[in-house]
Amino acid sequence: MGHYYTFSFEARISYPKKRNIRVLRIGKSIIVLKGGRVVEKDGLREEFNVERHLLPLESLSSTFNITYNDISHNFFSIRVEKVEVPEDAVALVERFLYEDLESGRQSFYIIVGSLKGDGSVKILKRYQLSSRDELTGKLNDIISKLS
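Counted from 1, the sequence shown has number 194 at position 117 by this note's numbering; the numbering is strictly sequential.
Hints listed in this document are in silico derivations from the structure and should not be mistaken for laboratory results. Accuracy of the hints is not assured; some may be wrong.
[Said to hold, decoys possible] Cut-off 30 Å, straight-line C-alpha distance, at most; resulting in silico cross-link-like pairs (BS3-like, lysine-lysine):
1. LYS111 x LYS199
2. LYS202 x LYS159
3. LYS202 x LYS95
4. LYS111 x LYS159
5. LYS215 x LYS111
6. LYS193 x LYS159
7. LYS159 x LYS199
8. LYS159 x LYS215
[Stated by the list, open to error] FRET-style restraints, in silico, Cβ to Cβ:
9. ASN142 x GLY181: 11 to 21 Å
10. ILE155 x SER191: 22 to 32 Å
11. GLU211 x SER85: 13 to 23 Å
For each residue, glycine too, the CB sits at the ideal point set by N, CA and C.
Hey, can you work out the whole structure from these sequences and the hints?
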């Protein structure tokens with residue numbers, strides 16, 4: 078069985094552009110298995126470890142226009158979850174809420190990926206949506222196409 082890491086975080090970024098944001102994972106991880114079966118899994122909480130988690134965090138954070146430089150030079154409060162993935166997994170689906178804590182603006186993201194050997198996800202597709210209803214509709218479309 079393999080695994081990957083997923084994250085929720087708050088960040089106060091001061092340079093190059095000031096941002097105060099929160100990214101929250103929504104619900105359980107959705108894993109599509111060979112044959113089209115879909116399972117949902119909770120992650121197990123881990124303490125953030127730079128050696129183990131930095132590359133997977135950087136891979137995910139690029140979705141939200143956050144760079145390695147942002148992570149290493151600003152304040153981040155990070156929640157790490159390790160998700161166990163069956164060997165016959167063909168796709169992983171994660172959902173996130175992105176909040177700009179300064180303006181109150183919210184958007185939703187769906188990330189579809191495949192498992193890489195280092196505990197990170199190879200991102201195949203990203204979707205940015207403006208409402209929870211859009212999120213639900215797009216998620217249903219994605220799952221029906223993958224299964």
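Comparing the hints with the structure gives:
Restraint check for LYS111 and LYS199: the C-alpha separation of about 18 Å stays at or below 30 Å, so the hint holds. Simply put, LYS202 and LYS159 have alpha-carbon atoms about 21 Å apart, close enough for the 30 Å limit, and the pair holds. This hinted pair checks out: LYS202 and LYS95 have alpha carbons roughly 27 Å apart, not beyond 30 Å. Of the supplied pair hints, the one linking LYS111 and LYS159 holds, its CA atoms being roughly 21 Å apart against a limit of 30 Å.
Pair hint LYS215 plus LYS111 holds up; C-alpha atoms about 21 Å apart against a cutoff of 30 Å. Annotation: proposed proximity of LYS193 to LYS159 holds, straight-line Cα distance about 14 Å (limit 30 Å). The straight-line distance between the Cα atoms of LYS159 and LYS199 is roughly 16 Å, inside the 30 Å bound, and the hint therefore holds. Note on LYS159 and LYS215: the hinted pairing holds, with a Cα-Cα distance of about 25 Å set against a maximum of 30 Å.
The supplied range of 11 to 21 Å is met by ASN142 and GLY181, whose beta-carbon atoms lie about 18 Å from each other. Distance hint check: the CB atoms of ILE155 and SER191 are about 23 Å apart, consistent with the given range 22 to 32 Å. Look at GLU211 against SER85: about 21 Å separates their beta carbons, and that is inside 13 to 23 Å.
Of the hints listed earlier, there is not a single one the structure fails to meet.
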